[in-house]
Amino acid sequence: MADIFTATTGITLEKVIFAVVGHPNKGKSSIVSTLSQDDSINISGDSGTTKKATCYQVKTARSGYELVDTPGFQRPTKVMAWLNQHAPTANLRAQAVSAFVADPQCQQQFPDEVELLTPLIKGAAILYVVDGSRPYGAEYEAEMEILRWTGRPSMALINPIESEQYVAEWERALTQYFKIVRVFNPMTADFTRQIELLQAFTYLTPNWAGTLNTLSEDLQQQRITQKANSAMILSRLVEDLCFHRESQKVLNQQQAKIIQPALEKKYKSWMQARENQAIRELFANYQHFQIKIDLSQLDFPPDLFDLDKWYAWGLTKQQLVSAAALAGAAAGVTLDIALAGHSLMLGAIGGGLAGFGSAWFGADRLAQLKLHGLPLGGYEACFGPIKNRNFPYVVIGRFIHLSRQISERNHANRGQLSLAATDFQQKVISLEKSTQKALHQACDKLIKQQTVDDLQTILLPLL
Amino acid sequence: MVVLGAALGLILSWGVLSGDQHGRVNLLYLLFLYVLLPIASLLISLVSLLGRKGINLARLLIALPLWSAQQQSLFRKTRQLNLHKHWLLLQSQAAALAFSCASLLVFFVLLLATDINFVWRSTLLDATDLLPFLNTIALPWGFWERAQPSLVLLQATQDSRLLISGVDATRYAGWWQFILASQLYYSLLPRALVLVVARLSFIHQARQDLESRLQQEIIRHPITPSKSHVLAPVVTELPSAIAINNWCGVALSLLKPLTELDLRAENLLVAGPLATQEQQASAESWHGEQLVVVKAWEPPLGELLDFLQHGRGYLLPLDWDETGLKPPRPSHLQEWQRFVSQLPQWRIFLPQQLG
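Chains as they are written, first to last, in my numbering: chain A, 1 to 463; chain B, 1 to 355.
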């Protein structure tokens, strides 16, 4: 196999291929899914779902590697017997494996083993997967021996599918066949752990170090980009939700009252659909496409309009009052500066008090119906935008919480999300004072339907 | 914007082309309106796209308190997508194109309905000074003979407000093709071209936006439906005379609580990866019914399938830990049921105490 490729930077890097092999149903596809960040890979409790070796290319800005998902061993004892017959001495073992793969009769009798061994004889490294929640069995020895015969660099991964009860037992057995043994749960392994796994191969195959180190840097950069993208999605969401209103032309006030429920319903459903869209985009940003999203099924405030839950997701009443006072005072300071201090700081004090008052007394206010006269006669009934000061914080709080969950979610994990309101207020407090101030000023502007130029930058530290 | 451009085109062209009471129209004014103005505005439009800093005309325009809530929402969206400059370019080109079309319309109407007398006046320039300038303007339509300027025509149409001529009216109409070509080549065609390019650029930029790319990705990755399977039934009773095949190598002591099983040595078979060649051969030659004991958590392998093809009986998927036997997990049991559903001569057996 041609083992080099030229990266976009012009640096020549070694081509890196990992074949994920093992018994059926031990999490091979899950590992491929997590490492390749591809949730379209079929993960099934049904054994034998992977019939053919499938190559997944993991591409980054400057580097990349290939992961081959293979069928599980089906007849390892018989294959071992065949190999034993064809390799009387150790120096002929790798050749015997190649002969096995090339043999038409073997291809017919042992299609799974031929499929899984083919990438190995073409130069792929081995990632051998076992289940650490079940006891070690001697029946695994035939397949581990076959893998040893290939002579390829190899690492064993103990996947604790249900528990870690038998991990030590497996480690004792696996170290006899593999130079590196790691415990790796594709459902829970965080990003750092995934990088560590790839880095471990640089010790086994030093000529892959360039590719793998570049890859690690790229993947870390990719995380930063994904975070910035999340901030962009959030900034657009919060702006859209804070600005949105529904309106309809009416003849008089009575008609406006009649259409109010329909207008309110339309307004709320638009707001919910917009938030849903942002969440889908957030999933897509982290390359999750197979998760069915139904906000009402999540352990997540099901209703963006549930005022009782707002203080859990936005700011507490005290925090909100401080934020409003801070934003009001900042606006007042601008007036003081404009008057070159001749206002004796009354602008800052007055602005602060005005913000305090509006936050305290308007905290429980949601969107209201308003009626505007039209130049050509008649009225326009409007519902929204929401004037409650906590509203932007609620939207931000919900989103960043979800964002954290999604960014840490592995692609092998196809279960539903379970979320709960926790520490948004804490997150705001832990921000630098200047960032806090910028956030409060931005939210203050948004609630007044004023655009904020650098909203994405202000929101980034929260993610 | 389009309406505004068209209205401006109609009014300005009508004003200039109407001329004085004798229908005299100053050629130089027309060149200003149909050549210099379009070129200058086109350059301004293109330069406004370059460079990120400086006054953003689009933002200034959007900030004007003229727009409806719907329009403001549209502007906000274009700003979010960082497309407000492209949007303004698109709008301005559409308006300029409308201006050109309206000007052409007025020009045709007046050519048809009135006698436009094209003249030129200058204190400083004479016909020989003006000709090279007009020739340069007419370069793009060099193939159009009748729309080319000539010294004779220039000299013949030079006018002074003190003189009232008009001896040969057809001579004064001689510039109409030149004016038409000027409008086409310096106003209509460049605007149409820039409008198409601006539109394509707008669409391209919009598609390159993060949200648009993510939406495309979502469409590209539809949710794959989960498959359903046929599951073989589970039986809880065994026939009285049945051999026990210890495929998984479980310690026989673990099986003692299962009183249905005849665990006498002469009733035992051993096959599978842990069997010796003799044991395997003996098990394969067995013709009666047998109960094959397997590990519930291990999926059925091809080796087992090969063995089962030649026999008949029951499969017992067992699960155990240090404390003894325990019921198999439903997911594991289903895996075995699915496997056995393809083997008509085999069934799943699960003792009642493990059910």
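Quick caveat, the hints were computed from the structure, so don't treat them as lab data. Built from N, CA and C at the ideal position, the CB exists for glycine as well. Each hint should be verified, as a subset may be incorrect.
Claimed, not checked - No farther apart than 27 angstroms at their CA atoms in a straight line, the calculated lysine-lysine pairs in the BS3-like style are these:
(1) Lys445/A to Lys85/B
(2) Lys256/B to Lys437/A
(3) Lys292/A to Lys227/B
(4) Lys78/A to Lys85/B
(5) Lys77/B to Lys445/A
(6) Lys249/A to Lys295/B
(7) Lys265/A to Lys77/B
(8) Lys227/B to Lys256/B
(9) Lys227/B to Lys52/A
(10) Lys370/A to Lys77/B
(11) Lys227/B to Lys227/A
(12) Lys387/A to Lys77/B
Claimed, not checked - Heads up, incomplete: computed chain A residues facing chain B, CB under 8 angstroms, no partners named:
(13) Pro24
(14) Ala138
(15) Glu139
(16) Glu164
(17) Arg182
Results for each hint:
{"no.": "1", "hint": "Lys445/A to Lys85/B", "verdict": "holds (24 angstroms)"}
{"no.": "2", "hint": "Lys256/B to Lys437/A", "verdict": "violated (73 angstroms)"}
{"no.": "3", "hint": "Lys292/A to Lys227/B", "verdict": "holds (16 angstroms)"}
{"no.": "4", "hint": "Lys78/A to Lys85/B", "verdict": "violated (70 angstroms)"}
{"no.": "5", "hint": "Lys77/B to Lys445/A", "verdict": "holds (17 angstroms)"}
{"no.": "6", "hint": "Lys249/A to Lys295/B", "verdict": "violated (71 angstroms)"}
{"no.": "7", "hint": "Lys265/A to Lys77/B", "verdict": "holds (23 angstroms)"}
{"no.": "8", "hint": "Lys227/B to Lys256/B", "verdict": "violated (38 angstroms)"}
{"no.": "9", "hint": "Lys227/B to Lys52/A", "verdict": "holds (19 angstroms)"}
{"no.": "10", "hint": "Lys370/A to Lys77/B", "verdict": "holds (24 angstroms)"}
{"no.": "11", "hint": "Lys227/B to Lys227/A", "verdict": "violated (35 angstroms)"}
{"no.": "12", "hint": "Lys387/A to Lys77/B", "verdict": "holds (21 angstroms)"}
{"no.": "13", "hint": "Pro24", "verdict": "holds (5 angstroms)"}
{"no.": "14", "hint": "Ala138", "verdict": "holds (6 angstroms)"}
{"no.": "15", "hint": "Glu139", "verdict": "holds (4 angstroms)"}
{"no.": "16", "hint": "Glu164", "verdict": "violated (14 angstroms)"}
{"no.": "17", "hint": "Arg182", "verdict": "violated (22 angstroms)"}
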